[in-house]
Amino acid sequence: DWDGNIVKDKQISSITLPYNDPVDGLVKATFPGKYGTLSFGYNNLPITNKNQGSPSINMGNEIWEGANTRFMMNPAGNMSFYNEGNSSKYGTRFIGFNSTQGISTSPVTVDSFSWEITSNDVVNGFKRVYGSVGNGQNAYLLTNATKFIVVSGSGTADLAVKTYNGIGELVGNGSSAAISVNWDATNSKLTGDNVYFLTSADRYGNVNTSDNATIDTVILSDSNLNNYAANSLFFAAPGAQATGVKLAGTNDANINQYKLYSNGQVGYYWVDDSISGGATGDVNTGDFYQMTPVKTINGQTIYRAAKVTDVQNNNVGATYNYIVVNDMSTAEITFSDLTKQVFKVTGANVTEAFGTNTPVITTNTIDSVLKLNHAVSMGQGNGNSGDLYKVSVAIVYSGINVVDIYVTNIA
262 DWDGNIVKDK
272 QISSITLPYN
282 DPVDGLVKAT
292 FPGKYGTLSF
302 GYNNLPITNK
312 NQGSPSINMG
322 NEIWEGANTR
332 FMMNPAGNMS
342 FYNEGNSSKY
352 GTRFIGFNST
362 QGISTSPVTV
372 DSFSWEITSN
382 DVVNGFKRVY
392 GSVGNGQNAY
402 LLTNATKFIV
412 VSGSGTADLA
422 VKTYNGIGEL
432 VGNGSSAAIS
442 VNWDATNSKL
452 TGDNVYFLTS
462 ADRYGNVNTS
472 DNATIDTVIL
482 SDSNLNNYAA
492 NSLFFAAPGA
502 QATGVKLAGT
512 NDANINQYKL
522 YSNGQVGYYW
532 VDDSISGGAT
542 GDVNTGDFYQ
552 MTPVKTINGQ
562 TIYRAAKVTD
572 VQNNNVGATY
582 NYIVVNDMST
592 AEITFSDLTK
602 QVFKVTGANV
612 TEAFGTNTPV
622 ITTNTIDSVL
632 KLNHAVSMGQ
642 GNGNSGDLYK
652 VSVAIVYSGI
662 NVVDIYVTNI
672 A
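Be aware that the sequence shown starts at 262, since it is given in the numbering used here, and climbs by one per residue.
Just so you know, not all the hints are guaranteed correct.
What the hints assert, rightly or not - Each computed DSBU-like pair below joins lysine-lysine, with the alpha-carbon atoms no more than 30 Å apart:
{"id": "1", "residue 1": "K605", "residue 2": "K632"}
{"id": "2", "residue 1": "K423", "residue 2": "K408"}
{"id": "3", "residue 1": "K520", "residue 2": "K651"}
{"id": "4", "residue 1": "K269", "residue 2": "K295"}
{"id": "5", "residue 1": "K568", "residue 2": "K601"}
{"id": "6", "residue 1": "K520", "residue 2": "K568"}
{"id": "7", "residue 1": "K601", "residue 2": "K651"}
{"id": "8", "residue 1": "K605", "residue 2": "K520"}
{"id": "9", "residue 1": "K601", "residue 2": "K632"}
{"id": "10", "residue 1": "K520", "residue 2": "K423"}
{"id": "11", "residue 1": "K520", "residue 2": "K507"}
{"id": "12", "residue 1": "K289", "residue 2": "K269"}
{"id": "13", "residue 1": "K408", "residue 2": "K271"}
Note that these hints are calculated values from the structure, not bench results.
Please build the complete structure, drawing on both the sequences and the hints.
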């Protein structure tokens with residue numbers, strides 16, 4: 262609900278939703294009623310739900326994919342897709358905005374479909390954002406008094422809510438956070454779950470003009486939130502491709518499994534290639550990705566993988582060197598643009614991620630700064646005394662601290 266409470270174990274007495282009847286066409290239908298039973302109405306809900314089955318066909322007891330969106334429910338258990346005359350509690354849906362504030366743009370950019378809050382906005386204490394053109398494209402303020410309710414999972418088994426109090430908590434230690442409805446420019450459609458918000462005036466009935474513009478609460482799915490911070494990056498090793506494993510229960514060729522690293526640990530993730538292009542790794546350096554849940558199929562989370570180029574917090578194609586061989590606290594990183602910077606590496610996760618590269622030494626697994634320094638200083642590269650090995654890495658860092666070091670090659 263609008264306070265972030267999980268509503269469960271509530272008996273549904275009726276469901277009202279848009280229904281496309283073969284005879285009457287698109288109607289506002291209530292179940293049970295003229296158009297079918299309560300169970301029939303439930304199975305027609307456009308949301309992620311459990312298939313109740315049918316006596317006429319051999320199917321049931323499975324999770325049906327659907328959108329995460331809003332429904333109203335009164336104390337009597339009447340569930341409705343419509344606001345039923347109580348628009349102040351229904352909220353406003355954010356579906357993107359025109360980036361030129363009312364002037365038609367061509368082409369429409371993905372930036373028009375997200376609210377991005379930066380660390381500078383946190384310092385200022387507010388972020389000015391816009392609603393959709395269809396709702397008048399009003400200007401609003403997100404502040405440190407705005408509550409962000411982020412919902413993940415579906416059903417009582419794994420439904421979870423994380424509440425961020427203010428833009429400061431939402432951005433956290435990262436450089437920015439973005440609330441996006443995930444516009445698919447290729448297919449000209451929204452691929453994210455719904456985002457709804459209430460202004461202070463909506464929620465409390467205030468008529469003060471500042472309250473009309475201040476957003477009190479935002480409810481969104483975790484698929485709509487991207488936090489750009491060091492600990493949210495996933496790494497695909499050099500030359501990485503889909504594993505070839507297919508997800509049971511779907512024939513969608515665009516759903517593929519990828520092997521990715523996060524926080525120094527390897528994992529396997531399902532990605533919808535149709536909205537992201539996959540999570541492959543550059544043949545020489547590998548690539549970083551931002552992973553955002555977009556849907557669930559048979560209980561498995563499906564992600565959109567957005568490639569993250571070399572920006573603050575990450576770099577591929579870098580070279581590692583120590584300051585002093587027995588100093589495990591600092592290292593010099595030569596970035597892909599050949600600039601150099603000294604970092605603290607005391608708490609860094611060190612992980613081998615060679616991918617399709619063939620390192621010249623493979624005798625010891627490099628999983629610590631100590632072994633990394635030894636790899637650099639083995640000194641007998643190509644039999645020439647005094648030569649140092651070139652150790653290529655992809656790094657994730659926050660400020661002067663390196664969080665993750667992925668060793669991609671030794672030459």
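Here's how the hints hold up against the structure:
At roughly 16 Å between alpha-carbon atoms, K605 and K632 fall within 30 Å of each other, so this suggested pair holds. Of the supplied pair hints, the one linking K423 and K408 holds, its CA atoms being roughly 10 Å apart against a limit of 30 Å. Proximity of K520 to K651 is assessed by CA-CA distance (about 26 Å); at most 30 Å being required, the pair is judged to hold. Using a Cα cut-off of 30 Å, the hinted pair K269 and K295 holds, with the two alpha carbons roughly 28 Å apart.
Using a Cα cut-off of 30 Å, the hinted pair K568 and K601 holds, with the two alpha carbons roughly 24 Å apart. The hinted pair formed by K520 and K568 meets the criterion: a straight-line CA distance of about 15 Å does not exceed 30 Å. With a CA separation close to 15 Å, the supplied pair K601 and K651 stays within the 30 Å bound. In summary, the hint linking K605 to K520 is supported, as the alpha carbons are separated by about 28 Å, within the 30 Å threshold.
The hinted pair formed by K601 and K632 meets the criterion: a straight-line CA distance of about 22 Å does not exceed 30 Å. Between K520 and K423 the CA atoms are separated by roughly 27 Å; this keeps the pair inside 30 Å, and the hint holds. For a cut-off of 30 Å, the pair hint linking K520 to K507 stands: about 13 Å separates their Cα positions. For the hint pairing K289 with K269, the CA-to-CA distance comes to about 25 Å; that is within 30 Å, so the pair holds.
The hinted pair formed by K408 and K271 meets the criterion: a straight-line CA distance of about 25 Å does not exceed 30 Å.
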